[in-house]
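Asks: Keeping the supplied structure of chain A fixed, place chain B upon it in accordance with the hints.
Listed here are the chains, written in short residue letters.
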Amino acid sequence: MNTTTLPTAPRTTAPAARAARAMRRLGPGWFLVSPSVALLLLWMLVPLAMTVYFSTIRYNLLYPGDNDFVGFENFYYFLTDAGFVPGMLNTLLLVGSVLLISVVLGVLIAALLEAAEFPGRGLVRVLLISPFFIMPTVSALIWKNLLFHPVSGILAALWKFFGARPIDWLAEYPLLSVIIIVSWQWLPFAILILMTAMQSLDQEQKEAARLDGAGPLAIFWHLTLPHLARPIAVVVMIETIFLLSVFAEIFTTTSGGPGYASTNLAYLIYNQALLQFDVGMASAGGLIAVVIANIAAIVLVRMLGKNLTEKY
Amino acid sequence: MLTLKQSRRLTTVLTGTLSWALALLLFFPILWMLLTSFKTELEAFATPPQFVFTPTLENYLHIQDRSGYFKYAWNSVFIAFGATALGMLIAVPAAYSMAFFETRRTKGTLLWMLSTKMLPPVGVLVPIYLLAKQFGLLDTRTVLIVIYTLINLPIMVWMIYTYFRDIPRDILEAARMDGASTLQEIVQVLLPIARGGLASTVLLSVILCWNEAFWSLNLTSSNAAPLSALIASYSSPEGLFWAKLSAVSTLACAPILIFGWISQKQLVRGLSFGAVK
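Protein sequences appear in the order of chains A and B. Just so we're aligned, residue 1 is where the first sequence starts under our numbering, counting upward by one. Just so we're aligned, residue 1 is where the second sequence starts under our numbering, counting upward by one.
Isolated chain A, as found in the complex (with noise of 0.2 angstroms):
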């Protein structure tokens, strides 16, 4: 705000005054900042330190003292285990549908929301959006057991009903089960922010549109979805933050199973280090998962930081 500096001022070569300086410049609430800034770091930086150190040696806890270094063998050994490549593509699978279904159902719902004033439309909001406040441990057992169950879910039920065969979700269809589970908290985060943001939408604007001889569809497509451009960008930002990381609804289900059917990066690298106790091989797995997330948030700022800061 106001850190006038002159073009030309004095050096001074006192290290006080120099000091006095730099701390003029960070501004008079450097102070204030710095705690979470420094915690942060330290958040960061520490164990990603000590992720990369591990990465390079040999480090077993079931055979300690045997920590040789040891290169990128760990990274040879992540890279060519057999569950790498069936868990890169589960994880883009399911960070991919998720977001696919989340955001087009989302911006449907939202938008059915605001065609008409009808009655219980505020319950109706709370009932879409509830999903979302469950916990996961919890949606994924209600699911396995209560509603995917082969033999009294209510899905085998329903199947049954219809004359059909009963699916065992589960072992059947894995990733998809998990999808499903995973859609089903993130698609009413989708229509959340996606219905708030639908409410500060000119109604004027929409009115003279109408008035003008435009449909629905048109006022859908040239108004709101414009409108609706920066409210999606943040839920694809934040569901892929959480969606790359997903592990309780697996945990809890089908523990990656069958085989490597529903095995993420993240439950690929917890089996490694917690299961097999390979903590070398686990932090070269880390590693991948922190490069594969920064590739991930570099794109993402670049299209969102703008659209995030510009406001203020």
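Don't take every hint at face value.
Stated by the list, open to error - Below, computed lysine-lysine pairings styled on BS3-like, alpha-carbon distance capped at 30 angstroms:
| # | chain 1 | residue 1 | chain 2 | residue 2 |
| --- | --- | --- | --- | --- |
| 1 | A | K206 | B | K5 |
| 2 | B | K265 | B | K277 |
| 3 | B | K265 | B | K107 |
| 4 | B | K277 | A | K206 |
| 5 | B | K133 | B | K71 |
| 6 | B | K277 | B | K107 |
| 7 | B | K265 | A | K206 |
For the record, the hints were derived by calculation from the structure and aren't laboratory data.
Replies: Chain B in isolation, oriented as in the chain A frame:
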């Protein structure tokens, strides 16, 4: 040919019917969990699923001696509110200084904070686990409080920042003219004005902590496990326990669902990092 009024009414009826159908479809799993929690285990497992039954409170009445529910619930409360209080203590000053003493670095710092959320937890799982083990913090509430504070800090700073930005600066300047110190200015002027925004920040943080399941599953076992971990423990053995699971789940989710319903509009601001209001 329909008159304009008729076609408006038709739109309302169609929109309403479709919306209600979708809402009930999405809400059904929660409703079914609630219903199952009032069944006996045999009814819960019955084929075809029973919609009509005599409700029993059995599952709720024996929830403590069957699962030790209250220990886990207390852990959840303690961890969620502990992490939230700690987070507010660190986030409010940061947001204050960013909103009212903006420098060239402020925007960059905010975006950098957001970027720490991009670090996938699995990337640091191993070192955090080993550090916790080293310091004797495995299966303690402390370790979860510290981690939850750190993972929610960026969201809290952003959310409070956007609320502070909406407060006219003249008010603070007037207080400063009257000779208020920085602390007085924050406590006596700023906090009362931003009360609503701060309350929604607290609520969002509590919700996120309460539902978190990656760290709670990996770092706690019996002592410090919150409800999210207790419920995961129902996943291992196959058997007749669905009514109990439903009762525990209903109790674990009810407070958060109610928080979410109350504050849906304010949560949007925090969840979207201030981009949608």
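Asks: Now, for every hint given, state plainly whether the structure supports it.
Replies: Structure-based check of each hint:
The straight-line distance between the Cα atoms of K206 of chain A and K5 of chain B is roughly 18 angstroms, inside the 30 angstroms bound, and the hint therefore holds. A C-alpha spacing of about 8 angstroms is found between K265 of chain B and K277 of chain B, which places the hinted pair at or below 30 angstroms, so the restraint holds. Restraint check for K265 of chain B and K107 of chain B: satisfied, since their Cα atoms lie roughly 25 angstroms apart, inside the 30 angstroms limit. Restraint check for K277 of chain B and K206 of chain A: the C-alpha separation of about 20 angstroms stays at or below 30 angstroms, so the hint holds.
Straight-line distance between C-alpha atoms of K133 of chain B and K71 of chain B comes to about 23 angstroms, which keeps the hinted pair within the 30 angstroms bound. Restraint check for K277 of chain B and K107 of chain B: satisfied, since their Cα atoms lie roughly 19 angstroms apart, inside the 30 angstroms limit. Proximity of K265 of chain B to K206 of chain A is assessed by CA-CA distance (about 23 angstroms); at most 30 angstroms being required, the pair is judged to hold.
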